[in-house]
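Given chain A, put chain B in place with the hints provided.
As given, the protein sequences belong to chains A and B, one line each in that order. For the first sequence, our numbering gives the first residue as 290, with consecutive numbering after it. For the second sequence, our numbering gives the first residue as 2, with consecutive numbering after it.
Please keep in mind that the hints were generated in silico from the structure rather than gathered at the bench. These numbers come from a predicted model, not from an experiment. Incorrect hints may appear among the rest.
[Said to hold, decoys possible] Pairs of lysine-lysine residues, derived as DSBU-like cross-links and limited to a Cα-Cα distance of at most 30 angstroms, are as follows:
#	chain 1	residue 1	chain 2	residue 2
1	B	Lys114	B	Lys136
2	B	Lys111	A	Lys410
3	B	Lys136	A	Lys410
4	B	Lys114	A	Lys410
5	B	Lys136	B	Lys111
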Amino acid sequence: MDRFLDSFLNAKLSAATWPAILSGLIVTIEIAALVVGTGLLLGLALALVRWRAGRWFAWPLMLFVDLFRAVPPLVLVLLVFFGLPNIGIELPSFAVLWLVLSLVLAAFAEEIVWAGLIAVKRGQREAARSTGLTETQTLLYVVLPQALRLAVAPLTNRTIAITKNTALGTVIGVPEIINQATTAVSFSGNATPLLMGAFAYLLLFIPVIGLGRLIESRFAWRRQ
Amino acid sequence: MRPAHPLLDIRGLRKSYGAAEVLKGIDLAVSPGELVFLIGPSGSGKSTLLRCCNRLEEASGGSIWFDGQEVLADRIDINALRRRMGMVFQSFNLYPHMSALGNVTLALRKVLKKPRAEAERIGMAALERVGLAHKAASYPGELSGGQQQRVAIARALALEPGLMLFDEPTSALDPELVGSVLQAMRDMRAAGMTMLVVSHEMRFAREAADRVVFMDGGVIVEQGPPEQIFGSPRHERTRTFVSEVAR
Numbered sequence: 290m291d292r293f294l295d296s297f298l299n300a301k302l303s304a305a306t307w308p309a310i311l312s313g314l315i316v317t318i319e320i321a322a323l324v325v326g327t328g329l330l331l332g333l334a335l336a337l338v339r340w341r342a343g344r345w346f347a348w349p350l351m352l353f354v355d356l357f358r359a360v361p362p363l364v365l366v367l368l369v370f371f372g373l374p375n376i377g378i379e380l381p382s383f384a385v386l387w388l389v390l391s392l393v394l395a396a397f398a399e400e401i402v403w404a405g406l407i408a409v410k411r412g413q414r415e416a417a418r419s420t421g422l423t424e425t426q427t428l429l430y431v432v433l434p435q436a437l438r439l440a441v442a443p444l445t446n447r448t449i450a451i452t453k454n455t456a457l458g459t460v461i462g463v464p465e466i467i468n469q470a471t472t473a474v475s476f477s478g479n480a481t482p483l484l485m486g487a488f489a490y491l492l493l494f495i496p497v498i499g500l501g502r503l504i505e506s507r508f509a510w511r512r513q
Numbered sequence: 002m003r004p005a006h007p008l009l010d011i012r013g014l015r016k017s018y019g020a021a022e023v024l025k026g027i028d029l030a031v032s033p034g035e036l037v038f039l040i041g042p043s044g045s046g047k048s049t050l051l052r053c054c055n056r057l058e059e060a061s062g063g064s065i066w067f068d069g070q071e072v073l074a075d076r077i078d079i080n081a082l083r084r085r086m087g088m089v090f091q092s093f094n095l096y097p098h099m100s101a102l103g104n105v106t107l108a109l110r111k112v113l114k115k116p117r118a119e120a121e122r123i124g125m126a127a128l129e130r131v132g133l134a135h136k137a138a139s140y141p142g143e144l145s146g147g148q149q150q151r152v153a154i155a156r157a158l159a160l161e162p163g164l165m166l167f168d169e170p171t172s173a174l175d176p177e178l179v180g181s182v183l184q185a186m187r188d189m190r191a192a193g194m195t196m197l198v199v200s201h202e203m204r205f206a207r208e209a210a211d212r213v214v215f216m217d218g219g220v221i222v223e224q225g226p227p228e229q230i231f232g233s234p235r236h237e238r239t240r241t242f243v244s245e246v247a248r
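The following block holds chain A by itself, in its conformation from the complex:
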């Protein structure tokens, strides 16, 4: 028991490590905020363009969406980080992580929003158009608000999942939580920093989950 406590809950080590974990947490929050913002907006935009554009847009979009949903994000991160310099594009590791995770989130978000859009009953569109609203007004005021309500729960899930994937940054040297924690583990030969890292994720996610719930309840329309 003492050995367990010493390995995972070493007080002296945690006192020495917490500044590093905190700086990792800040980097994680920065990337997560950028990724969630970019990914959700891009996913929404893609779904809306798909709605208005038709088949010529849907085919290449499907290719992108399926690729970024099927290939493990770790592989994408490595491919982009080590592959792009070969064609003369060198991006800092932070930018690579931001770019890749945003595209992955956008791929999922596009499908989720799209599913919401097509789940809205056809009669809603017909009613709106029959009052003289244009196609775009119908989308913005009638179809999209209903689609987003359906999309909030799965989008919250994807947001949490993609934020956890910021841990992949460690393989390309982004100084986020896991990177800081594993570095500290290597130097000390003690697993306490890893547990501190886990705690940092909890600290990060409890508000995110709470926010998701809040949005869901705020967005639900009144029923009988």
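Quick look at chain B alone, frame taken from chain A:
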């Protein structure tokens, strides 16, 4: 049968889905202030005919004139036209994320670009006309089917249409809720609204319609005043249909 100055004038209207022709050359004119009932077995094309009038369905051939405008013309402003043709649907199709007043004022604000206060004043007046001003803040999910349909009527009425199209407005309602919707339609008729109604409410047709049009197989089989269609139909098909529905 063709009125001198019809508000709605449909000529030789055709509509096909692939090889299936559902409208086979419809001629129908509706005068201002007239209430015309479209009846017929399911699949006879009555709903399609109605939906071609505001181009929710695109006709395959023929012409439709509304208030001196060629509805099927390419360069027509379809949105301006639709706002002058109110439509009421079988399944109400209220926007579930908006209050009753929100449903009624959306097009006033976004199509007619009225400021919010004015849109709400007009919207309240429209809800008043269907007896639902006190439900303005309620959401569709909190209203009965009959109330929802009356809100849908108010949504169309608020735009001051010249013609109202009704696509089986009472078919999705419990019997005890039908009366309130029919009363709203009766009031509209009394106010001089021109109405084209697809419905199975034969009693209402008998009482309120100026003309009943019987359709079957994509053609108009027979039309005339309700007494004639229900009392002494000329065609065998009309007789069979009427005896089956109007017990």
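Now the hints, each set against the structure:
1. For a cut-off of 30 angstroms, the pair hint linking Lys114/B to Lys136/B stands: about 24 angstroms separates their Cα positions.
2. As the CA atoms of Lys111/B and Lys410/A are separated by approximately 21 angstroms, the hinted pair is consistent with the 30 angstroms bound.
3. With a CA separation close to 24 angstroms, the supplied pair Lys136/B and Lys410/A stays within the 30 angstroms bound.
4. Of the supplied pair hints, the one linking Lys114/B and Lys410/A holds, its CA atoms being roughly 26 angstroms apart against a limit of 30 angstroms.
5. Annotation: proposed proximity of Lys136/B to Lys111/B holds, straight-line Cα distance about 22 angstroms (limit 30 angstroms).
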